[in-house]
Amino acid sequence: MNKIVLDLETQKTFEEVGGRQMHLLKISVVGVYHYAKDKYMTFEEKEIPGLEEILKSADLVIGFNIKRFDFLVLQPYLSIPVRKLPALDIMEEITRVTGHRVSLDSVAQATLGRKKSGSGLEAVRLFREGKIEALKRYCLDDVRITKELYEYGQKHGELSFTSKYGSRQYSIPVSWTIKGGKKISDILQEAFNNKKQIEIEYISSAHRQGEDFRKKRKVDIYSLGGFYFEAFCHLRNELRTFRIDRVLNAKIIKQNYTIPDDYVPRVF
Numbered sequence: 047m048n049k050i051v052l053d054l055e056t057q058k059t060f061e062e063v064g065g066r067q068m069h070l071l072k073i074s075v076v077g078v079y080h081y082a083k084d085k086y087m088t089f090e091e092k093e094i095p096g097l098e099e100i101l102k103s104a105d106l107v108i109g110f111n112i113k114r115f116d117f118l119v120l121q122p123y124l125s126i127p128v129r130k131l132p133a134l135d136i137m138e139e140i141t142r143v144t145g146h147r148v149s150l151d152s153v154a155q156a157t158l159g160r161k162k163s164g165s166g167l168e169a170v171r172l173f174r175e176g177k178i179e180a181l182k183r184y185c186l187d188d189v190r191i192t193k194e195l196y197e198y199g200q201k202h203g204e205l206s207f208t209s210k211y212g213s214r215q216y217s218i219p220v221s222w223t224i225k226g227g228k229k230i231s232d233i234l235q236e237a238f239n240n241k242k243q244i245e246i247e248y249i250s251s252a253h254r255q256g257e258d259f260r261k262k263r264k265v266d267i268y269s270l271g272g273f274y275f276e277a278f279c280h281l282r283n284e285l286r287t288f289r290i291d292r293v294l295n296a297k298i299i300k301q302n303y304t305i306p307d308d309y310v311p312r313v314f
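Counting in our numbering, the sequence shown runs from 47 upward without gaps.
Errors might be hidden in some of the hints.
[Stated by the list, open to error] Only pairs whose alpha carbons sit at most 25 angstroms apart, straight line, appear in this in silico SDA-like list of lysine to any residue:
| no. | residue 1 | residue 2 |
| --- | --- | --- |
| 1 | 201 | 263 |
| 2 | 162 | 90 |
| 3 | 58 | 137 |
| 4 | 228 | 295 |
| 5 | 228 | 142 |
| 6 | 72 | 91 |
| 7 | 49 | 132 |
| 8 | 264 | 276 |
| 9 | 83 | 135 |
| 10 | 262 | 206 |
| 11 | 49 | 123 |
| 12 | 177 | 94 |
| 13 | 242 | 264 |
[Unchecked claim] Just the calculated beta-carbon pair ranges, DEER-fashion:
| no. | residue 1 | residue 2 | range |
| --- | --- | --- | --- |
| 14 | 300 | 103 | 41 to 51 angstroms |
| 15 | 235 | 166 | 41 to 51 angstroms |
| 16 | 47 | 123 | 24 to 34 angstroms |
| 17 | 92 | 66 | 20 to 30 angstroms |
| 18 | 231 | 138 | 17 to 27 angstroms |
| 19 | 129 | 92 | 17 to 27 angstroms |
| 20 | 235 | 146 | 28 to 38 angstroms |
| 21 | 80 | 123 | 16 to 26 angstroms |
| 22 | 85 | 281 | 42 to 52 angstroms |
| 23 | 114 | 299 | 41 to 51 angstroms |
Source of the hints: derived by calculation from the structure; they are not laboratory data. Note that the structure is predicted; figures quoted are calculated from it, not measured. A virtual CB, placed ideally from N, CA and C, is assigned to each residue, including glycine.
Using the sequences and the hints, build the whole thing.
This is the structure:
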């Protein structure tokens, strides 16, 4: 699979173009990691035609907030519509679960234990001072972080971030993890249909002191529908609601169970 990781820096700030008018920001440099070539590359504004050839042949373009920022900044330079590029936006994946945006720095610190080397405003300053090589290094540092987050999610099935409202860490599952065999939803449905206990590996949105985000639980599914299922959790010894997209792995156990006669299913 021909994958690339992409990040870019701009010549102007939002304030200078009158708000979030990405098409007016202008590119100073684009950084790319090319998986097929195992190579980091940079493109200055005048070199964008060479980048377009790479984008045209890419099976997947990976980035952080790439759909709402990088692609929109790039569009004036390209002959192809950016909406047609096959993309994995890590920011979009996180927002889908959390309902709000988080910064690359927050995810990098919580997941990888490392910080970004600077801010977008610093990149604008480097461009204006003519420090192009320093600007390229800064941009490629963000590319490297994004690549490592993608590969961490692929290997571990989750990413973490620190809430902007405090120091509490949260963990979320990601969709690009490498999995084989049956879909999680099919395994849950099979367990429910046959009233078989199931062991799940589940990512909690937050954790108690001394606990990991990722927990193994044995559960008896009482109802299943949409994005959720309700089940008796043997870890907590109570009925709980679970999100299907937070289940990383699931294994059916031979143990049968019965649903209590007085159970009233929730409407999901």
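Here's how the hints hold up against the structure:
{"no.": "1", "hint": "201 / 263", "in the structure": "holds (21 angstroms)"}
{"no.": "2", "hint": "162 / 90", "in the structure": "holds (21 angstroms)"}
{"no.": "3", "hint": "58 / 137", "in the structure": "holds (22 angstroms)"}
{"no.": "4", "hint": "228 / 295", "in the structure": "holds (10 angstroms)"}
{"no.": "5", "hint": "228 / 142", "in the structure": "holds (23 angstroms)"}
{"no.": "6", "hint": "72 / 91", "in the structure": "holds (8 angstroms)"}
{"no.": "7", "hint": "49 / 132", "in the structure": "holds (10 angstroms)"}
{"no.": "8", "hint": "264 / 276", "in the structure": "holds (13 angstroms)"}
{"no.": "9", "hint": "83 / 135", "in the structure": "holds (22 angstroms)"}
{"no.": "10", "hint": "262 / 206", "in the structure": "holds (18 angstroms)"}
{"no.": "11", "hint": "49 / 123", "in the structure": "holds (21 angstroms)"}
{"no.": "12", "hint": "177 / 94", "in the structure": "holds (19 angstroms)"}
{"no.": "13", "hint": "242 / 264", "in the structure": "holds (11 angstroms)"}
{"no.": "14", "hint": "300 / 103: 41 to 51 angstroms", "in the structure": "holds (49 angstroms)"}
{"no.": "15", "hint": "235 / 166: 41 to 51 angstroms", "in the structure": "holds (45 angstroms)"}
{"no.": "16", "hint": "47 / 123: 24 to 34 angstroms", "in the structure": "holds (25 angstroms)"}
{"no.": "17", "hint": "92 / 66: 20 to 30 angstroms", "in the structure": "holds (26 angstroms)"}
{"no.": "18", "hint": "231 / 138: 17 to 27 angstroms", "in the structure": "holds (21 angstroms)"}
{"no.": "19", "hint": "129 / 92: 17 to 27 angstroms", "in the structure": "holds (25 angstroms)"}
{"no.": "20", "hint": "235 / 146: 28 to 38 angstroms", "in the structure": "holds (31 angstroms)"}
{"no.": "21", "hint": "80 / 123: 16 to 26 angstroms", "in the structure": "holds (19 angstroms)"}
{"no.": "22", "hint": "85 / 281: 42 to 52 angstroms", "in the structure": "holds (46 angstroms)"}
{"no.": "23", "hint": "114 / 299: 41 to 51 angstroms", "in the structure": "holds (43 angstroms)"}
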